[in-house]
Amino acid sequence: MNLNYIVNILFFFLVILKLLRGKLNMIKYLKIIVGVFVLTSFTVPLFAQTLIGVSWRHFQEERWRIDEAGIKDMLAEIGGDYKYISADAQSDPQKQITDVEGLIARGISALILLPQDSDGIVGALGRAIDEGIPVIAYDIPIDHPDAVFLSFDNVAVGRLEAQPLADVHPHGRWAIIKGDCTMPIVDLFFSGQQEVINPLIESGAIEIVADECVDNWKPDVAQSTMEQILTKTNNGVDVALVMNDGMAGGVVAALKAQGMEGIPVSGQDGDLAALNRVALGHQTVSVWKNSYELGKAAARVAVALIEGKTPENTTTFVTPSGHNQVARLLEPIAITKDNLNLVVDSGWISKEKLCQGVTSNAPDACK
Amino acid sequence: MDKEKNKNFFVRLTNFLDLDTRLFGLIFATALIWICFNFLTGGIFFSPRNLFNLTAQFSVVGIMATGMVLIIVARNIDLSVGSLLGFIGICGGMFQINILEYGNSFNWLYACLLMLVVGTLIGIFQGLLVAYFGIAAFIVTLGGLLIYRNGAWALSRGVTQAPLDENFLIIGGGRGGTIGEFWTWVVGIVACLIVIFYAFYIRRRRISYNFKVRKMWVEIMLLFIWVSIILGFAYMLNSYQRPKTDGGAGIPIPFLILVAVAAMMTLIANFTKFGRYVYAIGGNPESAELSGINVKKIIMMSFVLMGFLSAIASIVVTARIGAAATVTGTMTELNVIAAAVIGGTSLAGGVGTVYGAVLGALFMQSLENGMVLIGIPTPIQKIVIGFVLIFAVWLDSMYRRKK
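Sequences listed follow chains A and B, in order. Residue 22 in my numbering sits at position 22 of the first sequence, with consecutive numbering throughout. Residue 285 in my numbering sits at position 285 of the second sequence, with consecutive numbering throughout.
You may find that some hints are simply not true.
[Said to hold, decoys possible] DSS-like, lysine-lysine: derived pairs with alpha carbons at most 27 Å apart: (1) A:K337 x A:K256; (2) B:K273 x B:K296; (3) A:K353 x A:K337; (4) A:K337 x B:K244; (5) A:K353 x A:K367; (6) A:K256 x B:K244.
These aren't lab readings, by the way, just hints derived from the structure by calculation.
Using the sequences and the accompanying hints, generate a full structural model.
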């Protein structure tokens, strides 16, 4: 990695120098840059190892480093000759296609693919399958019958958001704040929530006083929406079923203005601010998708596929065009006041940040 | 005389009262939807509590719309304000959490200053590129839209910044974020006095230039309506009793900031050289240039002002939510532009008023506020807003064609 950078930077300066002197035209310059990138991507010498290739879509984002650590640690735990190699598409779907082709050329035995453009990458994925290389669609589904889909179970996310609320307050008036309803994933979350709340609605235990969608999942819109719901019902809301942590922030702000903070509120993502709210008692649950675990699962599935075994705990995932994929869907964790130590122990959040402002009624993790 | 007869009732009424026709149309439309909503919600819409909500909710877009008017009048556009809202918020949030010591009583001031500086610097940057480098404002600010939104991502790595300083949160109008009954009356009465003095000042000036003035009784009747609106509004806000607090709530601080900004921007637009030059440039850039106006400097200043106002709006929105999130303000630029256009700002430049833009923002927020109260499904809400936008601009162009 470091070597790549140094070589790249040297070439870059050389080309710039030549450009300045007028010895190169633009086209040539571009050709050289592309050539250098392709060459230096593969400077690591080949050993007689089983290579597991990962094509990241945008490794600059903080989150994927946690996934990578999961993959690497699991491979080390499994032992053997497995070696991790990777390429970063830097958000460019075209580059990702060349990345995948390059990884295939280097002789990988399994490909973990986090697509930038899940439709555009199908062709490159097909070439890997043709070479007999198993492909894992990581985190985001790719519509190809032979890809193995690995992600968190989004229906379970919805279920886990609703369940803790139903546990503490299985009656009364509920307000539902959904995310951007133009996104298909909202339906997955909502179908999970419905599994929990529909029986309660049918039995007449709970009443849905509002059901709203929020553009782009914006916290400020969620806040004004909640203000309107509270006004409409004259503060007659007992539970707020909110689809993510950002919006839960807006909803809690609206509740605070009415002195109502502390009623059950849900969320997901394990946002640091949301975990702080859980510690303060202003939010009941934040459903957390531990991406370190997702990375570990990816390594396990890849090794199983290389060894010709069926990965453990698989289910079937039906893609939009009706292909049945083998899928491993991890169960997310519902973080509540009782298991906050999980996020501290895994290094996701520092105890100091988690417990900021917590005075009375501190949860165990803050003691 | 025949001409006068052909015009419809509204045109004759506005001519008689000597009001801005477009503004009158907007006030009329707002009043109409308010009455409809009040009827459909069984009186909830007009309750003190909902008026309080409404004032706090439309402040952010209102503050930015006052600056957008001048940008559009000078024949430019700023698409970056929504992203800027998020970016400045993240800067302020990270500054409070990572650099300032938690609990220090002046933290809110330092954070506000930093946010204002960041907003102004970005305004200078965009102004330079548009005015002195001659790059189209559409492109500069479209680039800005991408840069600031993703800059906020890169800075915070997508992490929502919270919890923020307690004193800072007061600016957002949450608990403790109102000025109370007494000061609300003070502000209301001062506002009435200003309106009265301003009306007579304008009247005297018009007389001294031998312009047509309203009949005295019309003038007094209009002033009476204004005063009763202001005092009635203050009364409504004062009669809103928040749970777990003593006394009436009064004016929320975001709305107070909006009023101050709108007053300042009205003064700038109408009484400073800068403001008048902006309109001159919008009316005809070539003749403005030829008559010796430093067009580049004026354009640059309009962007600096916009950056500064975006920072104020960002302070309000961040304090209101109590957290700085990277997605805050996504697509808000369109709300701001729409507020200005509904408020009578012409996208062709040269025409537009600050108070019109504020009214436009109030109109848009009233629609959103009321439709949630009625419980209309979210997709239908958006469809209605879409149609209303088109309808408002169509009405506007009809009026202009008639003129």
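Hint numbers contradicted by this structure: none
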